[in-house]
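Participant: Spelled out, the chains give:
Number of protein chains: 2
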Amino acid sequence: MIAKTPTPPYYAVIFTSVRTNIDDGYEEMSNLLVKLAGTYDGFLGIESARNEIGISVSYWKDLESIKKWKQNTKHIIAQKLGKEKWYSAFKTRIAIVNKDFEF
Amino acid sequence: MIAKTPTPPYYAVIFTSVRTNIDDGYEEMSNLLVKLAGTYDGFLGIESARNEIGISVSYWKDLESIKKWKQNTKHIIAQKLGKEKWYSAFKTRIAIVNKDFEF
Chain A
1 MIAKTPTPPY YAVIFTSVRT NIDDGYEEMS NLLVKLAGTY DGFLGIESAR
51 NEIGISVSYW KDLESIKKWK QNTKHIIAQK LGKEKWYSAF KTRIAIVNKD
101 FEF
Chain B
1 MIAKTPTPPY YAVIFTSVRT NIDDGYEEMS NLLVKLAGTY DGFLGIESAR
51 NEIGISVSYW KDLESIKKWK QNTKHIIAQK LGKEKWYSAF KTRIAIVNKD
101 FEF
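Those protein sequence lines, which keep their order, are chains A and B.
Letter 62 of the first sequence, counting from 1, is numbered 62 in the working numbering, and no numbers are missing.
Letter 21 of the second sequence, counting from 1, is numbered 21 in the working numbering, and no numbers are missing.
If you are wondering where the hints come from, they were derived from the structure by calculation, not from laboratory data.
Among the hints, erroneous ones may be present.
Said to hold, decoys possible - Restraint-style ranges between C-beta atoms, simulated for each label pair:
1) A:ILE76 with B:ILE76: 40 to 50 Å
2) B:ILE77 with A:GLU64: 37 to 47 Å
3) B:LYS70 with A:ILE76: 34 to 44 Å
4) B:ILE77 with A:ILE76: 39 to 49 Å
5) A:ASN72 with B:GLU52: 40 to 50 Å
Claimed, not checked - Keeping only pairs whose Cα atoms sit at most 25 Å apart, straight-line, the calculated DMTMM-like set for lysine to aspartate or glutamate is:
6) B:LYS70 with A:ASP100
7) A:LYS99 with B:GLU64
8) B:LYS70 with A:GLU102
9) B:LYS4 with A:GLU52
10) B:LYS61 with A:ASP100
11) A:LYS61 with B:ASP100
12) B:LYS4 with B:GLU102
13) A:LYS61 with B:GLU84
14) A:LYS91 with B:GLU84
15) A:LYS91 with B:ASP62
16) B:LYS91 with A:ASP41
17) B:LYS4 with A:GLU84
18) A:LYS68 with B:GLU64
19) B:LYS91 with A:ASP62
20) A:LYS74 with A:GLU102
21) B:LYS91 with B:GLU27
22) A:LYS83 with B:GLU64
23) B:LYS99 with A:ASP23
24) A:LYS99 with B:ASP62
25) A:LYS80 with B:ASP100
26) A:LYS99 with B:ASP100
27) B:LYS99 with A:ASP100
28) B:LYS99 with A:GLU64
29) A:LYS4 with B:GLU84
30) A:LYS85 with B:ASP100
All residues carry an ideal CB built from backbone N, CA and C; glycine is no exception.
Required output: the full structure, derived from the provided sequences and hints.
Facilitator: In structure tokens form, the structure reads like this:
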């Protein structure tokens with residue numbers, strides 16, 4: 001689903017990843033994290049897609065919200081497990097959205 | 001493939017879309033556009049994934065490069081056909097990447 005974000009500016013966290021072939025709780029953790037992020041003040045929405053690579057873009061009101069989410073305990077555990085099991089590579093980019101348009 | 005972008009800052013164009021069930025040249029146009037974009041000065045890379053929705057993030061050196069690419073004739077035709085045939089909805093966001101980290 002395309003996220004219904006407010007008028008810019010707002011922040012985007014672009015997470016691009018390559019999965020290993022290990023599942024072992026990946027789906028459950030992924031769903032849990034989306035739910036948890038949604039409870040955070042400043043969370044504006046998330047878009048995700050995966051085939052050869054995965055791209056998840058979460059949108060946030062400000063850097064403070066992103067920082068708080070980064071410190072969430074479950075999120076920290078997920079980051080650790082991600083490196084150990086689920087991802088062979090990933091890249092995270094923090095960006096400010098200044099303009100958007102839609103159809 | 002995760003794009004090998006330089007040290008920030010650089011720009012990201014986040015294109016999120018929902019496809020219709022009409023193919024009619026979509027793949028060919030999509031491949032052509034990626035090739036064409038790659039010939040542009042200022043193009044830094046692209047990442048794409050699709051299942052329920054599609055997300056393509058292209059990375060650029062500056063706004064000037066993005067503007068030039070927006071004016072490419074084939075790109076303009078693709079945008080028109082996209083609205084007419086291939087997409088039921090899309091959203092484009094222009095963002096400045098200020099920070100990135102990888103694994």
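Participant: Now, for every hint given, state plainly whether the structure supports it.
Facilitator: Going through the hints against the structure:
1. A:ILE76 with B:ILE76: 40 to 50 Å: 46 Å, holds
2. B:ILE77 with A:GLU64: 37 to 47 Å: 43 Å, holds
3. B:LYS70 with A:ILE76: 34 to 44 Å: 40 Å Cβ-Cβ, so the 34 to 44 Å window holds.
4. B:ILE77 with A:ILE76: 39 to 49 Å: Check passed, 47 Å falls within 39 to 49 Å.
5. A:ASN72 with B:GLU52: 40 to 50 Å: 25 Å Cβ-Cβ, so the 40 to 50 Å window is violated.
6. B:LYS70 with A:ASP100: 14 Å, holds
7. A:LYS99 with B:GLU64: 15 Å, holds
8. B:LYS70 with A:GLU102: Roughly 15 Å between the alpha carbons, so the hint for LYS70 (chain B) and GLU102 (chain A) holds.
9. B:LYS4 with A:GLU52: With a Cα-Cα distance of about 16 Å, the restraint between LYS4 (chain B) and GLU52 (chain A) holds, given a limit of 25 Å.
10. B:LYS61 with A:ASP100: Since the Cα atoms of LYS61 (chain B) and ASP100 (chain A) sit roughly 18 Å apart, the hinted pair holds (cutoff 25 Å).
11. A:LYS61 with B:ASP100: Holds: LYS61 (chain A) and ASP100 (chain B) sit about 18 Å apart, inside 25 Å.
12. B:LYS4 with B:GLU102: 10 Å, holds
13. A:LYS61 with B:GLU84: Violated - the C-alpha atoms of GLU84 (chain B) and LYS61 (chain A) are around 33 Å apart, more than 25 Å.
14. A:LYS91 with B:GLU84: 34 Å, violated
15. A:LYS91 with B:ASP62: Holds: LYS91 (chain A) and ASP62 (chain B) sit about 21 Å apart, inside 25 Å.
16. B:LYS91 with A:ASP41: 23 Å, holds
17. B:LYS4 with A:GLU84: 22 Å, holds
18. A:LYS68 with B:GLU64: At roughly 34 Å apart (the allowed maximum being 25 Å), GLU64 (chain B) and LYS68 (chain A) break the hint.
19. B:LYS91 with A:ASP62: 21 Å, holds
20. A:LYS74 with A:GLU102: 34 Å, violated
21. B:LYS91 with B:GLU27: With Cα atoms ~19 Å apart, LYS91 (chain B) and GLU27 (chain B) stay inside 25 Å; holds.
22. A:LYS83 with B:GLU64: It is violated: about 37 Å lies between the C-alpha atoms, which goes past 25 Å.
23. B:LYS99 with A:ASP23: The hint is violated at about 29 Å.
24. A:LYS99 with B:ASP62: The given pair, whose Cα atoms are some 14 Å apart, holds under the 25 Å limit.
25. A:LYS80 with B:ASP100: Between LYS80 (chain A) and ASP100 (chain B) the Cα gap is close to 18 Å, so the pair holds against 25 Å.
26. A:LYS99 with B:ASP100: Holds: LYS99 (chain A) and ASP100 (chain B) sit about 20 Å apart, inside 25 Å.
27. B:LYS99 with A:ASP100: Status holds; Cα separation ~20 Å.
28. B:LYS99 with A:GLU64: 15 Å, holds
29. A:LYS4 with B:GLU84: Holds: LYS4 (chain A) and GLU84 (chain B) sit about 22 Å apart, inside 25 Å.
30. A:LYS85 with B:ASP100: The given pair, whose Cα atoms are some 22 Å apart, holds under the 25 Å limit.
The earlier numbered hints that this structure contradicts are 5, 13, 14, 18, 20, 22, 23.
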